[in-house]
Structure formats: structure tokens, C-alpha cells
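So the protein sequences, as listed, match chains A and B. Each residue of the first sequence is one higher than the one before, counting from 1 in the numbering used here. Each residue of the second sequence is one higher than the one before, counting from 1 in the numbering used here.
Hint data in this document are derived by calculation from the structure and do not stem from the laboratory. Nothing here was measured: the structure is a model prediction, and the numbers come from that model. Glycine included, each C-beta is placed from N, C-alpha and C at the ideal position. Check before you lean on any hint, since a few could be wrong.
As the list claims (entries may be wrong) - Selected chain B positions facing chain A (in silico; Cβ < 8 Å):
#1 GLY74
#2 LEU127
#3 MET157
#4 ARG159
#5 TYR160
#6 GLU163
#7 GLY167
#8 ASP195
#9 ALA225
#10 SER226
#11 GLU250
#12 GLN261
#13 LEU263
#14 PRO268
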Amino acid sequence: MLSAPADRPQAAATERYTGGSAVRVPILTVSDLSVAYASRRGDVCAVENVSFELAAGEFLGIVGESGCGKSTLLFAVAQLLVPPARITGGSVAFKGTDLIALSERDLAPLRWKEISVVMQSAMNALNPVKTIGAQFADAMRAHGVTARQEIADRSAEVLAMVGIDREHLRSYPHQLSGGMRQRSMIAMALLFTPDLVIMDEPTSALDVVAQRSLMVQIKELQQQLGFAIIFVTHDMSLVSHFSDRLMVMYAGQVAELGATRVVFDAPQHPYSAGLLDAFPSIRGPKVALTGIPGSPPDLAHPPDGCRFAPRCPQVQDQCRQRPVELYNVDDVQVRCLLRGNGVVQGD
Amino acid sequence: MTDLRHLADEPLLRTDGLTKHFRIGGGLKRKSLHAVDDVSIEIGEHEIVALAGESGSGKSTIARLLARIYQPTGGEIYFGGKPLSGLKSRADTLAYRSDVPMVFQDPFSSINPVFKISHGVLRSLKLHRPSLSAAEREAEARRVFEIVGLSPAADIMNRYPHELSGGQRQRVGFAQALAMRPKLILADEPVSMLDVSIRIGLLNLMQQLRDEQGVSILYITHDIASARYVADRLIVMYAGQIAESGPVEEVLAAPRHPYTQLLLSAVPDPKAELTLGADTDRGEPPRVINPAPGCRFRFRCPLAIDDCHHQTPKLLPLSPGHDAACLVAQSGAEVKAF
Numbered sequence: 001m002l003s004a005p006a007d008r009p010q011a012a013a014t015e016r017y018t019g020g021s022a023v024r025v026p027i028l029t030v031s032d033l034s035v036a037y038a039s040r041r042g043d044v045c046a047v048e049n050v051s052f053e054l055a056a057g058e059f060l061g062i063v064g065e066s067g068c069g070k071s072t073l074l075f076a077v078a079q080l081l082v083p084p085a086r087i088t089g090g091s092v093a094f095k096g097t098d099l100i101a102l103s104e105r106d107l108a109p110l111r112w113k114e115i116s117v118v119m120q121s122a123m124n125a126l127n128p129v130k131t132i133g134a135q136f137a138d139a140m141r142a143h144g145v146t147a148r149q150e151i152a153d154r155s156a157e158v159l160a161m162v163g164i165d166r167e168h169l170r171s172y173p174h175q176l177s178g179g180m181r182q183r184s185m186i187a188m189a190l191l192f193t194p195d196l197v198i199m200d201e202p203t204s205a206l207d208v209v210a211q212r213s214l215m216v217q218i219k220e221l222q223q224q225l226g227f228a229i230i231f232v233t234h235d236m237s238l239v240s241h242f243s244d245r246l247m248v249m250y251a252g253q254v255a256e257l258g259a260t261r262v263v264f265d266a267p268q269h270p271y272s273a274g275l276l277d278a279f280p281s282i283r284g285p286k287v288a289l290t291g292i293p294g295s296p297p298d299l300a301h302p303p304d305g306c307r308f309a310p311r312c313p314q315v316q317d318q319c320r321q322r323p324v325e326l327y328n329v330d331d332v333q334v335r336c337l338l339r340g341n342g343v344v345q346g347d
Numbered sequence: 001m002t003d004l005r006h007l008a009d010e011p012l013l014r015t016d017g018l019t020k021h022f023r024i025g026g027g028l029k030r031k032s033l034h035a036v037d038d039v040s041i042e043i044g045e046h047e048i049v050a051l052a053g054e055s056g057s058g059k060s061t062i063a064r065l066l067a068r069i070y071q072p073t074g075g076e077i078y079f080g081g082k083p084l085s086g087l088k089s090r091a092d093t094l095a096y097r098s099d100v101p102m103v104f105q106d107p108f109s110s111i112n113p114v115f116k117i118s119h120g121v122l123r124s125l126k127l128h129r130p131s132l133s134a135a136e137r138e139a140e141a142r143r144v145f146e147i148v149g150l151s152p153a154a155d156i157m158n159r160y161p162h163e164l165s166g167g168q169r170q171r172v173g174f175a176q177a178l179a180m181r182p183k184l185i186l187a188d189e190p191v192s193m194l195d196v197s198i199r200i201g202l203l204n205l206m207q208q209l210r211d212e213q214g215v216s217i218l219y220i221t222h223d224i225a226s227a228r229y230v231a232d233r234l235i236v237m238y239a240g241q242i243a244e245s246g247p248v249e250e251v252l253a254a255p256r257h258p259y260t261q262l263l264l265s266a267v268p269d270p271k272a273e274l275t276l277g278a279d280t281d282r283g284e285p286p287r288v289i290n291p292a293p294g295c296r297f298r299f300r301c302p303l304a305i306d307d308c309h310h311q312t313p314k315l316l317p318l319s320p321g322h323d324a325a326c327l328v329a330q331s332g333a334e335v336k337a338f
């Protein structure tokens, strides 16, 4: 495989995964990360004090409604924020190096090779006037691979990994179906076998059948190549089978973070529970659902206490009084007073 | 408005062999894309019918044919027993459009951002119900806004679209449709752009409109679970044709067409264990260009027999009210593809 650039941090070498089985060493540590958008009314804090760790080969799902800060968080981790957004605090340590402190020049060798990003809309992310092959070649040349044969071979190889014939290297994006475009984006992200792949709703433009086949494909590739994934989606049920851990975001904060199975089986935060109850089921008896009434708060003027309080079915007086911190409850982090100080014991 | 009372046997809306082909390419390479082929559906009064299928299956084309945005290549649409090809005058067309309005998928681009929320409703009232005075129009607008759950209506009506959330905007879409006192609302993926937590509210609203306002709804979706939640009947489309149709619970409990089974297997079920690779289908729906006879699903179907390659299956009843277009199912064999 392609060798690491010389200016890579030393720590990296000791933390490489071995084959398919993931070594549980964090490759990414996000601490107290905050992001604000500058606006005429002052800063709007879109991501507030988010911390999490990601082990090599781990699959972290991040779910939340539009405007909850999940995409902003992703862009902050990948150092892709553009003004008016800026990181106002915290650190993003990738294999021991704080990415926030790095200059664009130092970041460039890490991009694609170590961290790659799959954007939401493949139609917009791919260049419509260049063939898929030309775009693959572009990315490889930018990272120092110039031998034609090597580019052609590697391009065909990654395309084959996602189940697309090499013939399509000569296709333009419009000649591919939505599913194939999205898969070729993923192939492109894998050109250099990165250790971390960040995905921003890659399946949201697809219908259920294509969605499922893409998710299965992503999971298979992950098992095969051992990269870690941060997968952002608004559809909680989508990641239920695929992610190791699940982070539920609400209004810029972590509402709940824990093992996917645990969060699904026994959601601690009323918001997670509400999200889970918002899906009509395809099996079992038909029950009337209510969803979660109301809409998320305006982040320019967040509520004083718990940000979910205005929509919460279990709200108490003290929820409105002061901000709620994250509590550790049985290996799950949850931002809810009801779970934290024993006002009401969990049922 | 059309008076339907003397046509008691006739469903509210019925299509007979509805077909839409698009010409693609030019000159000697001209081909025809079969977006909708020979589709016959019925929508009764006070009924929500879900039309489900993958992207490209022709479900939105059907909605546009019913909304008279497209003219059919073949077949006929009967509304209250009267063929739509007979609508010649502007007055007739306007009357049909107010009976059968459409709610669009994207609530962010379907409302004009420079006008107040009330604008669309008041304009359509002026056009479709010219007998109302300005004050009556205002009152009517308030009434429909309250019905769709946008209250206080007077306050919401004076806001601009950017001040509303996606869910509220989609309710505005339904309010606009409702203002025309419709009989059938064509809802083209009305919740697919909305957040999960507010989708249910819109689905509940659709049921409420059926139960309290007596309208029928054609609910177009790729989300089978929401179709089950809201609809009375389900029509599954594949590659421009109907694969299966019937009462929603019956179709989902005992799907007879392999494609319906595939769709069902793809629905994420958080409660179930994942079986990787066991039932994964990597195929894609075909673009149907100058098709030869044969079942259009045969390339993805694990059960395809020889006949499927030369004979186009007809949509035939397998039990009362439950139809499927599958030669294997029609032969009486058990169908368990996915």
C-alpha cells in the first residue's frame, strides 16, 4: 500500500490496526469541541462541548434532526469549516495530533490518505464534466501518485470493491444511477485506505432498497479494510444494525451516547425515546404514534435549562432552571436530569 | 364541482390502462422510455391509497398524470366516472384541479418565499372559488390553517415561509390543497424531506383529513412503513408497472410478489438482528427503454422461470382485492424470494 508521508506524527505507526480485527485504541479523540456561526445577532453556538473517542475500526453513528449540529460537528472534525463557522474551543486529536492546530499545508497530506469524507449529495460532490476515472486520478495525483498504470489499477480496484465495473471509470456522473454515484464516492474515499472515513448522510438521497444495499456494502468494506467510520444521519433506524456506538445530538449538544444496541433497547433520554417511537413499524400491531410535538429551539436563543425541556413529555420544574450536564448511567452518557440526580428513577 | 351522487358505483378516480412514454434521444437513435405502462388503479372516497416503489418506478409520473401536468400517451383517467380527455374548457380544467390538488415533496421550494404564508391560499381561493368575498376568503383561509394544525392561524398567516419549520411548511401545503374543498389530494412524498420526529404528525394529519374532512389521498412514498401506518390500500410499483396491490395489512402480511418481499426486507427494523449478506440485493431498477416482453423484475428475481423472460405478467387477483403481477405466484406456487 501507499507509504505514509514523512511528516506524519510518530504515534501513528504503533496504532495501526491488524487485519480485520480492530484494536481498541482511540485514533480520534474529540474533547470539548465547540463551533459557533458568527451572525449579526452575535455568535450562534451550533456545537457545544462535544467530546467522544473513536477506536480504530469503530463505527460511530451520529443522529439528530436538521439543525442539531451533526453536520457542523462532522465538518469541524474534518477541519472543513468555512466562515462564518469557526471552532471556538476544544480539540480534535487524530492519532495524537491536534488537527485544529495544523495549518492547511500540514493537513493536506492527512486528507484522503488518513481521513476521507463522503459528502451527502454525490450529484453535487462529483464534477459533472469529468469522468469518474479522471476524478479518481485527480485525487491520487494530488497525493503524489503519478504513475498512470498505478492510478488505473487502483481506481479499478476500489471501484470493484463497491461492486462497480471498471468500465464506469470512463462514465460521467450523470450516466450513473444515484446509488452508483454514491458508491463511487465511497470508492473514491477509499483510494488510499484511510483509517477514518467520515460520512455525511451518504444514503439520504436513495430509496430503501438502495439504502440498505449501500449500508451492507459499507459495513462489509469496513470489516475487510478495518477503517473507522463516523456516520451522520437523521434516520436512526438506518444505523441500528451497523454502528457500534450511537450518539444522539439535540440542539448542538450530545443528548445520549452509548452502545447502539443499548440505546435502542433502553433509550435513557426522552428525546432518543421519542425518536425511536417516531418510526411506524412494519411488523407487529399497528399503534397510533405521536412523534415529538414542537420543533427544535432557535440556537441563537437556546432555552435556559435543558434544551429539550419545551418538547419533553417528562419535563420537571428544575429542568428549566439550569443547563443539564452529561451523566454517566451504566456506560451510557445521557444529558437528562431525570437520569442524573435521581429525581425520578428510570423505569 | 362535479356532482358524484348519481354515479354511486363509480369510484372517485379510476385509471384504465394509463400509459406514459417519454421520447429520449433524437434522429435515428430516438427511443421511448416507458415511465408508466398500462396502469389501472382505483381510488375510492374517504380512502388513503399508498403508491410505493423505488425511485424511477413511475410513481411520481402517475401523480403528475393525475394532476394533468403530463398528458398520457395512452389510457384514460376517469374522475367521478367522467373521462378527463373530455375536459376541454378552462372552467372544467379549473374545477378538476380544485377537486384534485397536489401537495409537493419539498416544502422549502414549493412556497414562494417573498409572500406571506396566506398568499398561496388566498390566491387559490380567488381563482377556484370566485364567489367568495375578500372577508370570506380570509375566514376560509383561517379555517383551513386551523384544520391542518397551524394555530393561531391569524398569526401564522402573517408570517413568511422562512419563519416556519419544514413540518409547518408542509402543513401549509395541505392547507392550500384543502382550501379548494378537494375530493382527492395527490401527495407526492410529502414527508420524505421532513425530520423523523415530525413526520408522524403529518401522517396523522393525513388520516385526520380523511376521517374528518372526507377527502381521499393518494400517498406516494418509498417508505413502506409509513404507508402501512397511514394507508388503507397499497399499490406497489416496479419499473412503470403495478407489481402488487391490495389492502395494506394483507399485502404486507402476505406479500405475493418477489419485489414487494424485497422492499419489505429492506426496511430497517431496529428490533431485529442483522443478517449480513444473506438477503442483500445489489440490483437496481431498470430504466425501461423500448422493452421486450417479459417480467421487468426477472433480472433481480431469484425465482424467475423461463416464462418470465418472454411473457409480461398481468396483474391478476390472487385473492379478493389482492392482485399481483407475478407468473410464479399466479401458478399457485409459494413465493418466498427475500
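Numbers of unmet hints, in rising order = 1, 2, 3, 4, 5, 6, 11 and 12
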